[in-house]
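Visitor: The primary structure of each chain is shown beneath.
There are 2 protein chains.
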Amino acid sequence: MKVLYIYAHQEPKSFNAALKETALAALKEKGHEVKLSDLYAMNFNPVLTEKDFTDRKKPDIFKPFFEAIQATKTGAFAPDILAEMEKVKWADLLIFQFPIYFTSMPAIMKGWIDRVLAPGFGFNPITNSAYDTGLFKGKSAILAFTTGSPKETYSEGGAHGDVHKHLESITHCIFEFMGMEVLPSFVVYEASSMTKERGAEELERYRHRILDL
Amino acid sequence: MKVLYIYAHQEPKSFNAALKETALAALKEKGHEVKLSDLYAMNFNPVLTEKDFTDRKKPDIFKPFFEAIQATKTGAFAPDILAEMEKVKWADLLIFQFPIYFTSMPAIMKGWIDRVLAPGFGFNPITNSAYDTGLFKGKSAILAFTTGSPKETYSEGGAHGDVHKHLESITHCIFEFMGMEVLPSFVVYEASSMTKERGAEELERYRHRILDL
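These protein sequence lines map, in sequence, to chains A and B.
Going by numbering that gives the first Met the number 0, the first residue of the first sequence is number 0, and it counts up by one from there.
Going by numbering that gives the first Met the number 0, the first residue of the second sequence is number 0, and it counts up by one from there.
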């Protein structure tokens, strides 16, 4: 299987980095092909601007949606977007790993989605390509994330509510919207206050989850 | 009333820009004091890195949550974060206006939240300051956004589901989490395919919403 691993943590000595290394080793062990987008290390630019489009169709007024639809026909995206699009096209499975920031992805990863999964690429409202006819039909996606809060806080009836419900704005409105199959999220709760033992157990749990893909 | 208007659109000739201008004029008409954070115009950096902290307490390993908690005691945040924090402290009401990007804020605005509404500033898990004891008690917040999709698609039973439910990850898990009162969102659906007449009506509807604050 071809796996694109999209990763967002700043610190190579972090628990998130250990999760990422664990996953990459397990994917290799199973003989999967892997490409990595290590967003902070790449200094990935998450801000969608007119510079994203190298051949504007409406130079007088910037309409990002319109320009993206045009650029998916002509390839007139900035090189950093095109490079990531090639990885997405190549991949059977996309794994997004990140520490949760305010019940969502860190901005650097949200901006990867904003810029790379552009209108016309993963979906196209003009040709009615979404959900069952989404352009990424056949691909799958997984969210793998850590939280500071405990599981009870992030469950139905807890103070925050069910984190999986909150993240349907990603799993449903982005992944399923583009035709992808959503595999269960992998979550490590209370990652900022773990003992070494629990850390090791969580890494082992992630290793098995990845080996079982 | 003191209003902080946080705005994210790239194009001064856009409908979003017209909404923003309408709101600013209506706020002025009512005698409110206003500060504007026009994120693209400011070239706001949405990426949280170790440069956000000018006096690291753990220089050997970057733990953003830990550094933020320390920096709220010492003021050791980067100047762009401090400047935005001062606006937030000053404000009674925060209005976030943006075009919806994948059922959430554009990355530039998500990164404003990631970096400015830092742990220790709007909430503090160590002192149990959240929700009823959130540090922004007394302030209010509003989301004002445009969507490409029609209202039916973004309603319960529609293809995407209820947009207000999806945005509870912001209204509940950020605003209420920090103790703010959430006022009803202002939404313009199908903003990319509006007639001039509907555009004018929507601007008028927004003007009255702002006048009635």
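Incorrect hints may have been included.
Heads up, the list lumps identical chains together, so a pair's fine if it works in one copy or across two of them.
Derived pair list, reagent style DSSO-like, types lysine-lysine, alpha-carbon separation capped at 27 Å [as the list claims (entries may be wrong)]: (1) LYS164 <-> LYS150; (2) LYS62 <-> LYS150; (3) LYS195 <-> LYS150; (4) LYS62 <-> LYS50; (5) LYS150 <-> LYS34.
Derived by calculation from the structure, the hints in this document are not laboratory data.
Visitor: Compare the structure with each hint and give your call.
Guide: So, going through the hints one by one against the coordinates:
1. Taking the shortest alpha-carbon separations for LYS164 and LYS150, both the intra-copy value of 13 Å and the inter-copy value of 20 Å come in at or below 27 Å.
2. When the C-alpha separation of LYS62 and LYS150 is checked against a cutoff of 27 Å, the pair qualifies only between copies, where the shortest distance is 21 Å, while the shortest distance within a copy is 41 Å.
3. Taking the closest pair of Cα atoms, LYS195 and LYS150 come within 27 Å of each other only inside a single copy of the chain (19 Å); across copies the shortest separation is 48 Å, beyond that limit.
4. In this homomeric assembly, LYS62 and LYS50 come within 27 Å of each other (Cα to Cα) only inside a single copy, at 12 Å, whereas the closest approach across copies is 33 Å.
5. Proximity of LYS150 and LYS34 under a CA criterion of 27 Å is satisfied in neither setting, with 31 Å inside one chain copy and 38 Å between copies.
In this structure, only the earlier hint numbered 5 is contradicted, and the remaining ones agree with it.
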